[in-house]
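S.K.: Residues per chain are reported as follows:
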Amino acid sequence: MSLWSRFATNRAAVAGLIVLIVVIIIAILAPVMFPKGPWAMVQRPFLAPFGTDGLPLGTDTLGRDVMAGLIYGARVSLLVGLVSTVMALLIGVPLGAVAGFYGGWVDEIAMRFTEFFQTIPNFALAIVLVAILEPSLTSITISIAIVSWPPVARLVRAEVMSVTRREYVDAARLAGLSNLHILTRQVLPNTVSPIIVMASLMVATAILLESSLSFLGLGDPNIMSWGYQIGAARTVIRSAWWLSFFPGVAIVLTVLALNLIGEGLNDALNPHLTRKGKS
Amino acid sequence: MAIAGTILGRLLKAALTLFAIAVLNFFLIHAAPGDPAAVLAGEAGAADEQMIADLRAQFGLDQPLYVQLYRYVGNILTLDLGYSFRQGAPVLDLILERLPATLILTLTAFWISLLAGVALGVAASARVGKFTDSLITGTALLFYATPLYWAALMAVLVFSVQLGWLPGFGYETVGSGYGGFDRAIDILKHLILPALTLGLFFMAVYMRMTRASMLEVAQQDFVKTARAKGLAPSVIRRRHILRNALLPVVTLAGLQAGQLVGGAVLTETVFAWPGIGRLMFESLAARDYNTILGVFLVSALMVIIFNIITDIVYRLIDPRIGQKA
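Residue numbers (our numbering), protein chains in the order written: chain R, 4 to 282; chain V, 0 to 324.
Honestly, the hints are just simulated from the structure, not real lab data.
Keep in mind that a hint or two might mislead.
[Stated by the list, open to error] Below, in silico cross-link-like pairs of lysine to aspartate or glutamate (EDC-like), each with a Cα-Cα straight-line distance of 16 Å or less:
id, chain 1, residue 1, chain 2, residue 2
1, V, K188, V, E215
2, V, K12, R, E111
3, V, K12, R, E118
4, V, K12, V, D310
Everything numeric in this text was worked out from a predicted model, so none of it was measured.
Please model the complete structure; the sequences and the hints are all you need to start from.
M.R.: Printed below as a string of structure tokens:
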């Protein structure tokens with residue numbers, strides 16, 4: 004069976020993929036759908052949803068269109084989720100690969116370093132980093148990458164260790180190939196599938212982290228995001244529930260979609276690992 | 000003997016970790032834009048020129064970097080976390096005053112999530128592929144994707160604003176004059192929503208882990224033997240499978256405890272719970288870096304202590320561990 008047909012047998016994963024594609028299209032088309040941008044005041048504040056033509060989700064505390072904010076918010080979520088995950092992979096994969104491949108004291112040092120970062124409370128470190136570097140899209144992305152790479156390093160290390168013990172790697176050594184060649188051409192390609200699965204779940208976690216930072220007021224002040232919308236509406240939850248409700252639904256849907264895709268990829272890429280009863 | 004050695008090793012490692020975090024804090028202060036003394040004093044003009052000059056002298060900002068580092072780390076290791084000019088009090092005092100509330104919240108959330116997660120995981124694994132399993136697994140997936148702070152806000156909306164069942168704000172009823180038992184009940188009522196919403200995400204994590212672990216152990220030979228002996232399925236599940244399946248869950252719970260402390264920042268912010276998480280949130284707006292770094296250090300310390308406890312519990316549950324090493 005091809006990869007796609009194996010993935011397609013998991014209906015939840017396909018549903019997740021469809022949701023994700025819709026969110027991506029919305030994010031791309033945001034400027035076309037709302038040329039005035041998410042910050043424009045369009046009506047009087049606190050308009051309830053479903054009541055006014057052209058404002059399906061009502062207006063916020065400053066008379067801004069909640070729908071426009073929601074659509075623009077998709078952009079920052081996806082962007083930060085994707086870029087921070089790529090950055091975390093760029094730290095975690097080389098570190099884990101070198102540790103697993105060389106072993107010995109290299110492994111010892113790399114793993115102590117990784118363990119240190121795993122001990123520090125993730126979210127607290129992200130808060131401290133963003134607060135100190137001043138909130139901006141760059142500092143948020145970097146901070147999320149810094150707190151997200153340790154599991155990648157551990158995974159890659161374990162995979163590389165098990166692959167390096169196989170016979171074909173010994174054969175490559177006997178053939179006189181350099182360590183670098185063996186690691187990058189013979190070993191790492193065989194560790195790709197678990198990394199892909201982990202990466203899809205990391206994007207989901209990164210989106211949650213970004214929204215939590217923005218909720219606390221640590222978002223980029225120039226960019227509309229779902230977390231900011233909820234954070235700004237926190238104190239008026241009693242009178243204007245819709246301001247925090249809809250952005251939250253958007254986050255749940257997107258994160259859920261990514262998690263479902265991750266599980267689907269896991270089943271499709273590692274069919275022999277799929278446990279009985281894990282439907 | 001073995002346990003004493005372990006504890007000693009763990010304490011040594013904990014001290015090293017703490018030292019490393021102190022060093023990290025030092026470099027973070029220097030990474031912040033602007034004069035470190037001004038950074039520590041809080042940017043928005045909370046400190047006058049004299050204070051900043053004093054700070055400069057105290058930190059020896061005219062000294063080479065390694066001398067500054069030595070002084071800073073020395074201060075932290077003697078539990079001098081600096082002074083909050085914003086709040087007009089030493090950071091350590093501020094934190095100690097708020098720590099009990101955070102401990103109550105995180106420990107309650109931890110136990111709720113662990114017990115509920117394991118119970119649901121066992122229930123799901125007992126009915127694999129059936130409706131109950133799908134329901135539990137689906138709910139866990141949903142909780143897993145829900146931001147902590149949003150779950151908290153929605154809980155306030157439903158249970159506090161709409162239904163009026165539980166208070167959605169604060170630690171106890173202000174000015175109620177409750178004492179003794181009444182006060183404990185009052186605090187407990189205030190605790191329910193924050194602890195539940197903080198625990199939801201972690202409950203989902205433990206549930207998934209327990210279910211997977213139960214299914215894995217159920218495949219092993221000794222379970223087949225127990226079945227062949229004619230033991231009742233419920234006895235096998237409880238005595239044979241669950242005992243073994245719990246080990247990876249305990250490990251995970253220890254690791255996840257750190258995230259619980261981080262999550263408390265969000266929960267305490269929503270519920271105005273007077274803990275160190277709320278203190279951190281207030282310090283963010285005030286750019287009170289000394290307090291932010293202090294809370295960060297203390298939360299890391301909490302994680303380290305949590306991990307040591309997990310390690311000991313783990314060794315008590317399974318004496319095999321530690322013998323190999």
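S.K.: If a hint holds in the structure, say so; if it doesn't, say that too.
M.R.: Evaluation of the provided hints:
1. V/K188 - V/E215: Violated: V/K188 and V/E215 sit about 39 Å apart, past 16 Å.
2. V/K12 - R/E111: 14 Å, holds
3. V/K12 - R/E118: 11 Å, holds
4. V/K12 - V/D310: The given pair, whose Cα atoms are some 13 Å apart, holds under the 16 Å limit.
In summary, the structure is inconsistent with hint 1 from the numbered list given earlier, while agreeing with all the others.
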